[in-house]
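**Student:** Respectively, the protein sequence lines represent chains A and B. So in this note's numbering, spot 228 of the first sequence is number 228, and the numbers just go up one at a time. So in this note's numbering, spot 30 of the second sequence is number 30, and the numbers just go up one at a time.
No lab work stands behind these hints, which were simulated from the structure alone. There could be a bad hint or two in this list.
Said to hold, decoys possible - The list that follows gives simulated cross-link-like pairs (lysine-lysine, BS3-like), each with its CA atoms no further than 25 Å apart:
1) LYS161/A to LYS118/B
2) LYS161/A to LYS47/B
3) LYS69/B to LYS271/A
4) LYS118/B to LYS271/A
5) LYS161/A to LYS69/B
6) LYS312/A to LYS285/A
7) LYS118/B to LYS270/A
8) LYS133/B to LYS167/A
9) LYS85/B to LYS47/B
10) LYS270/A to LYS69/B
11) LYS55/B to LYS133/B
12) LYS312/A to LYS128/B
13) LYS238/A to LYS43/A
14) LYS47/B to LYS114/B
15) LYS397/A to LYS278/A
16) LYS85/B to LYS161/A
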Amino acid sequence: MAQKKNAVIVGGGTSKFGVRQAHILDMIQEAARACANDIPGLKPADIDGLIVATTMAGRHSSALNTAPLVVHRLGLKPTSLCIRLDTLCAGSNSAVIVAKGMIESGIAEVILITGAEKVYMPQRWETNYTQLAVNDHDWDSAMGLGVPPPFFAMIAKMHMKRYGTTKEQMAHVSVTNYAYGDGHVNGHFAGRTLTMEQALEARLIADPFGLYDCCPLSDGASAIIVASEERAKAMSDKPLVYLRGTGQHATHSMSAGWPGDTLAEWPHLKKAGEVAFKNAKLTPKDMDVIQTHDCFTISEIIELEELGFCNKGEGGAFAASGAIGINGVIPTNTDGGLLVYGHPFGASGARQAIEICKQLQGRAIHQVKNAAFGLTHNLSGTCAQHTVVVYGKEPVK
Amino acid sequence: MAELQKAEITGTPALNGTYISEMDMWPFETQEFNRIYPFYDNLRAGKFTTTKCKKCGHVTYPPQVICPKCWAEELEWVELPQRAKVVTLTETQAGAPIGFEPPLIMAWLTFGEKSPLKHLLGRIIHCKEGELKEGDEVKFVTFSVPAHPIEVKKDTKICDRVFYAFEPVK
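Construct all of the structure, not just a fragment, from the sequences and the given hints.
**Tutor:** Structure below.
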């Protein structure tokens with residue numbers, strides 16, 4: 001058997017995220033163009049594999065079998081792989097796991113991953129209504145579980161009660177992420193700033209969350225190239241960023257199967273992180289920069305705990321200490337994250353991958369000095385599943 | 001606005017007045033579309049039930065066709081406790097999905113150490129905003145939800161439906 005190849009992320013780009021006057025296929029074309037701008041040596045004919053990550057394309061754009069539509073619009077002729085993949089908010093991060101395996105095994109050489117959503121419809125009610133279908137519909141959704149804020153608000157209340165986490169600590173997360181969002185012109189809230197006072201005085205969305213504790217829903221698309229080391233060297237002279245380890249863990253779909261002692265404990269994330277670190281032959285201490293799924297401020301706090309960057313229950317104080325800032329112990333969501341860059345579900349994992357790629361190549365907008373190892377994490381659904389990918393400037397030996 | 005839409009706005013005239021099942025907010029509860037339909041029959045009788053594995057004894061929720069623990073097909077229906085305690089709750093004033101009138105109150109419920117069903121996200125009805133507190137006891141309650149049609153050969157059968165929620169114990 002041939003020796004295992006190494007898979008690397010070469011680069012990528014996103015469309016403008018936000019409430020867009022565009023079709024989902026328009027935004028995928030914009031993201032592909034941005035990806036090509038980032039990798040001048042990339043030719044569409046080089047791409048032999050395609051993974052399209054989207055949740056809402058079937059319902060919102062009447063595009064159930066999305067991959068051939070993307071093939072046509074981008075002028076691709078894939079020969080190894082041409083699929084749509086859906087794990088909700090982790091779609092394009094899951095695609096990275098698939099691409100890694102396909103490239104390491106030699107089945108594919110150059111894979112385009114694009115994630116995209118058209119969330120906003122001619123009538124706004126449809127967006128929230130569609131979200132009834134992204135949970136365990138006949139059970140939790142029929143109880144009214146649709147949009148995420150109420151569920152995560154209960155998580156926050158429980159974390160505050162059990163561990164003493166405060167609204168001020170949560171506000172530190174959003175203020176930090178707004179500072180990181182500065183300069184990312186394609187972000188949903190590009191150009192906006194946030195102070196502690198504004199964060200704490202914002203209108204209530206779902207107690208205890210104010211407006212800035214919640215990420216927006218966004219239209220948008222992202223695109224990245226994952227390739228074999230050899231092909232990456234041929235198309236780019238930038239430092240190689242290796243896909244070192246991955247982990248994905250789901251334990252349930254419905255609330256009755258929640259795996260934690262309470263909503264404040266996320267053992268399924270802890271497990272996904274442990275698997276990814278083991279495969280990457282690294283530990284949380286090795287990480288220089290991370291992108292975690294900050295759909296709400298409390299999410300980032302719990303993720304810092306469960307991924308092993310601080311002790312359980314201390315995530316709030318850890319974030320408020322400045323640990324997640326650019327000069328902190330573990331700079332987190334350095335492109336603004338979901339809170340500021342926005343959240344088109346299937347596009348978010350690849351957006352995170354772009355930021356880690358740039359950080360490890362030394363060309364990020366808010367650059368972490370000498371960043372050599374990084375991580376991306378997405379949760380999906382109402383915290384039903386966790387997806388973790390670990391990156392490094394060196395391959396696993 | 002709703003009346004105006006029905007009368008004058010016809011994006012796809014062929015669909016006017018038709019029931020679109022893929023947009024339905026409630027389950028398809030009937031035997032024709034669901035092998036766990038006894039759950040809904042039991043709801044109509046005021047019972048909160050689920051399936052228990054006859055091979056390994058595992059009780060699962062929601063009810064299933066095979067046991068998720070040992071994959072046995074031999075399952076039986078058992079009753080679940082109808083009273084629970086509120087661990088934490090959330091009240092939605094704005095942004096609730098269409099069909100759920102605000103305030104939409106949802107609570108994280110626990111059913112006690114002895115219950116095979118440990119916790120559940122439950123909608124709380126018959127309750128005013130600000131009335132429910134952590135630690136309160138709630139009880140199971142059923143109500144009818146809109147019926148839907150299904151085609152049976154050349155006829156249309158109307159399927160009555162039911163669902164459940166919880167209400168404060170007063």
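**Student:** For every hint, state whether the structure bears it out.
**Tutor:** Against the structure, the hints come out as follows:
1. At most 25 Å may separate the alpha-carbon atoms for a hinted pair to count; LYS161/A and LYS118/B meet this at roughly 20 Å.
2. Using a Cα cut-off of 25 Å, the hinted pair LYS161/A and LYS47/B is violated, with the two alpha carbons roughly 34 Å apart.
3. Of the pairs offered as hints, the one joining LYS69/B and LYS271/A holds, with about 20 Å between alpha carbons and a cut-off of 25 Å not exceeded.
4. Between LYS118/B and LYS271/A the alpha-carbon distance is near 22 Å, which keeps this suggested pair within the 25 Å criterion.
5. Between LYS161/A and LYS69/B, the direct Cα distance comes to roughly 33 Å. Violation of the 25 Å bound is thereby established for this hinted pair.
6. Restraint check for LYS312/A and LYS285/A: the C-alpha separation of about 16 Å stays at or below 25 Å, so the hint holds.
7. The hinted pair formed by LYS118/B and LYS270/A meets the criterion: a straight-line CA distance of about 21 Å does not exceed 25 Å.
8. Between the alpha carbons of LYS133/B and LYS167/A the distance comes to roughly 20 Å, so the proposed pair stays at or under 25 Å and holds.
9. At most 25 Å may separate the alpha-carbon atoms for a hinted pair to count; LYS85/B and LYS47/B meet this at roughly 19 Å.
10. Our distance criterion of 25 Å between C-alpha atoms is met by LYS270/A and LYS69/B, whose separation comes to about 22 Å.
11. Under the criterion of a C-alpha separation no larger than 25 Å, the hint pairing LYS55/B with LYS133/B is inconsistent with the structure, at around 40 Å.
12. For the given pair, LYS312/A sits about 36 Å from LYS128/B by alpha-carbon distance, which is inconsistent with the 25 Å threshold.
13. For a cut-off of 25 Å, the pair hint linking LYS238/A to LYS43/A stands: about 16 Å separates their Cα positions.
14. For the given pair, LYS47/B sits about 18 Å from LYS114/B by alpha-carbon distance, which is consistent with the 25 Å threshold.
15. Distance check on the hinted pair: LYS397/A and LYS278/A sit about 13 Å apart at the alpha-carbon level, within 25 Å; holds.
16. Distance restraint check for LYS85/B and LYS161/A: the Cα-Cα separation of roughly 17 Å lies within the 25 Å cut-off, and the hinted pair is therefore satisfied.
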